[in-house]
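**Q** Same order as they appear, the protein sequences are chains W and B. All residue numbers for the first sequence refer to my numbering, where the first residue is 1 and numbers rise by one. All residue numbers for the second sequence refer to my numbering, where the first residue is 1 and numbers rise by one.
To be clear, the hints were calculated from the coordinates, so they are not data collected in a lab. Beta carbons are placed, not taken as given, at the ideal position from N, Cα and C, and that holds for glycine. Hints are supplied without guarantee of correctness; some may be wrong.
To be verified - Example chain W residues on the side facing chain B (calculated, C-beta under 10 Å, incomplete):
1) R18
2) A27
3) M71
4) L74
5) C90
6) M118
7) G131
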Amino acid sequence: MIQFSEERLTKVKEIMNRYPEGKQKSALLPVLHIAQEEFGNWLDTPVMDYVAELLSIEPIEVYEVATFYSMYNLKPVGKYLFEVCQTGPCMLRGSDDIITYIGEKLGIKPGETTTDGMFTLKTVECLGACGYAPMMQLGKFFREHLTKEKVDAIIDECRQNAVKNN
Amino acid sequence: MGIKLLLDKAHVEGIRYFDVYRREGGYRSVEKALKTMSPEAIVEEVKKSGLRGRGGAGFPTGMKWSFIAKPEGVPRHLVCNADESEPGTFKDRYLMEFLPHVLIEGLIISSFALGSNATYIYIRGEYAWIPDILEQAIAEAKANGFLGKNILGTGFDCEIYVQRGAGAYICGEETALIESLEGKRGNPRIKPPFPAIQGLWMRPTVVNNVETLAAVVPIINMGGEEYAKIGVGKSTGTKLISACGNINKPGVYEIDMTISVEEFIYSEEYCGGIANGKRLKACIPGGSSVPILPANLLFKTAKGETRYMNYESLSDGGFATGSMMGSGGFIVLDEDQCVVKHTYTLARFYRHESCGQCSPCREGTGWMEKILKKIDSGKGEMKDIDLLWDIQRRIEGNTICPLGDAAAWPVAAAIRHFRDEFEWHVLNPEESQKRNYGLAHYADAREVVA
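Excised from the complex, chain B in its bound form (with noise of 0.2 Å):
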């Protein structure tokens, strides 16, 4: 069993609750931080473990913390990102659903620490029911003294309020989230000036992840230094992994991204092996924006070395033969999958989710869709596999906000790994609508167990 310190009270019955939670030794940290430290000390405990944000993008939580502005006079406010939307991430449902006052708890520290006396919560409006469980947990912990007016007798006073989305995956992104939280389109802001210089209402903002708040708590517990000799190099600490696809035991499952991706796969502790006795044919690491990998590049980095469940060594090799941890969103393909149709349908998500501001986004994002689309149906030709390329080519780094790269990977890493299979398509137009291309020479070395 591997080192568990957000899910590790997650089979306890009643955990949902207050008192249950409390004596299993919950809400310690606050008392720890608020009574014992100051914010600035709270931070520097977070840049000591090497926290890295949990939403994908992997920014070091303490550094980001500690650019926060503070103007005389002006309210600076923390924004949890819950609007969890990465195709194949589940974890922070997860972790509100049953572990709400995990969250709660790094939120007072958190907010204590950046100085946020309002504090938002802004959850996809999709995972409806949730606001009730969050809401619920605020007001038990505001009926014990943790929250509201000053709590624990510090002076410190904070209020959580939880705020739904309304179906918008651009939401996710920091400044669109801002302006959602503001009654706006989520448009993405053009950076600088950054959120921690002028974010919500144009007041010094820091917008983090749901895991990455919660984290917060076994650091202030453990201290950042102890934090930080969990995981390996600059993957501290444990990653809430979701997976799901062809596998038999799909789930959010804590790691401490020691072990090895072989090990996550096959393992009876997380995935369980290929459903149904089949092979393995790829995989998307870190959710549907990040390189999707074969599997002979998989379990191994192109200079044969073992690939583990972190951030270094899943990104091992680049673009080129690398993939990324990204959300922990974790993607498994077996060999009756097509890799083609697979794609479409991500080409098809970042369609309907670009927020049409950038050309090269709300176009580009278009015309992939309808190429693979093409090419799936049976009636593309070779020139649209060049043409596809090109397109998320010119898409790449040309937005304001990244989900134009977002959309733009998935693309790529398909044709730059399994062009044959795009070729397949063109060249058998009736038999690639009768039968999947199979594994050709992705296979993975393991035999089948049967």
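If we strip away everything but chain W, and leave its shape as in the complex, we get (with noise of 0.2 Å):
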């Protein structure tokens, strides 16, 4: 059955309160990124229809709204999801040999997972970090100034994580 955790449902209900009464609908992208990190990283349509019912507004208003953001993952991801920048100021910078590493060494295409569900490489449009390019977003932080050997240590740093967790 799909239902929030106690603590999850406590900070809907926190969200839900910022808004006017009647307006709850205010809620549903913050509360789409929480069910997003309750179930798995990404969306699906039980899922959708669940905070359709929480919101009490009707499913399709969850999904027009899953749909139009990027963030929100529509089919299961990598445990690692790596969102490498591709736009102008990370291609001046060498974005375009950063994500031709990433897929060699992980041996996927931008929008592939590796066939062990570890990895998950995306290539998205510029995150305000143009600054400190190349870049990717890794979870809830940005990893920047990327090299080979970054990114090499940042692959190695997943796969121990991932067994620490086990």
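Hints in hand, dock the two standalone chains.
**A** What follows is the structure in structure tokens.
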């Protein structure tokens, strides 16, 4: 059964209280972020239906938002999602080489996930770190000034964390 | 050293926290504004300061504030636009990450001036760690009586909430931002009605950029007239510039808008010159949507006058030979960069970010991306360049929001100033895949210092 943990449910209620009476739909984006955190980093249809029920809105209102914003994953992604920026300012500082290198190192193309389900490589458009390029988003944080050596270290770090968390 | 009003305390250890910030003189403006000034007087002070919106459009902030409707019994809202997404722009992030209290302080005064008891910061979703920093600052301000009920005993109540977006450049457009804040897709609204009349939940709303709201702090502290003395002409006060690309010292700099573009690029205090001893080829001075300028039009205007880092000087010559201050996203290209390729990445960006509501933008951005990719990969034909020009011309001005213009301008400027580079790609399909076109006649007059 799809159900937020008590802690997250409290958070959702707190967010819903930030808006005027009857405007609880405003909580949709933050609640979808929470849903993604709780349910495996992607939004399956039953999860979206659950969010609709929580906010007393129609499921279609959730689907149309979930499909609009690029941070909501509509299919499963790897345990570690590498979102590498490829827009102009990052390109000027060598993001193409970094994307190619990660792809070769993990044996996947942008948009693909490694067969062990560990890594997904995704190219993204400008994340607002242009002065610290090339860069990628990994979970909550940015990894900046990327070099091949840094990429190697990040991949090792993820593998070690995965072992630790198992 | 230039004048610093926003980042002057950036180097102070622990400035992110209330106690240090307060000890350094923080929240004085809130005491002054709430205890000694009326909301109308604050609006007047901001008008006098000449402050212009720092998000990109440069609209006078005081005037925008004075448009807010005040119907009896209808709550009003202030919304802070922290959806910083214009490629090349990362100044608001810096401010929020390292000096969150400057923003919170500006928000309290601005909320008081506009009569907003519930103020929202809408921050781009990818800045996922920054809401924690802002919420910490909000909690500290509240614990010290600067937020919440009956602030400083004045009877004014105000709460500030932080809301994350989820990846959509379009939400930086104020009506799309409002839609998103209401839990919808970020489709811009048709104006009028303007947000000042019917904005968030159809209530009167003002949407201002992070840097704009932070600038209210020094304006109240020093007075609008004093603030207006800094800078030049209608470019008053200071501006944050986020510099990136092929320079030695990328980063966020506060300038007082009297320095020249040449000084900004070459001085050690700012960009520190072009990286790796290369020569300058081109620059996009105000975020990816403003026209790219070749080096020969960057330091001097077409009239041969020195070009300065301010609203008027950067746009001198119009789009024919000038550009725009925009958001202050300063992107520098060295001699090894390919303008066709760079423009292609920007076109791809705008195609990805078009909300799809208006056909000229939805379809046109896709066509521009495809044609630019074709030319960049050595498969272009001469007629493609004219087709590209034709498409951008048909997008500009034909959409509900300015994203269409923002997508058209970089393509138009690239063809306007670098047409020979596009033609070279068409005429030399194989060679263009092996090397870049280089500098040609765009060269910076300065010699390279090895």
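**Q** Hint by hint, say whether it matches the structure.
**A** Hint by hint, here is what the structure shows:
no., hint, result
1, R18, "5 Å, holds"
2, A27, "7 Å, holds"
3, M71, "4 Å, holds"
4, L74, "12 Å, violated"
5, C90, "8 Å, holds"
6, M118, "21 Å, violated"
7, G131, "4 Å, holds"
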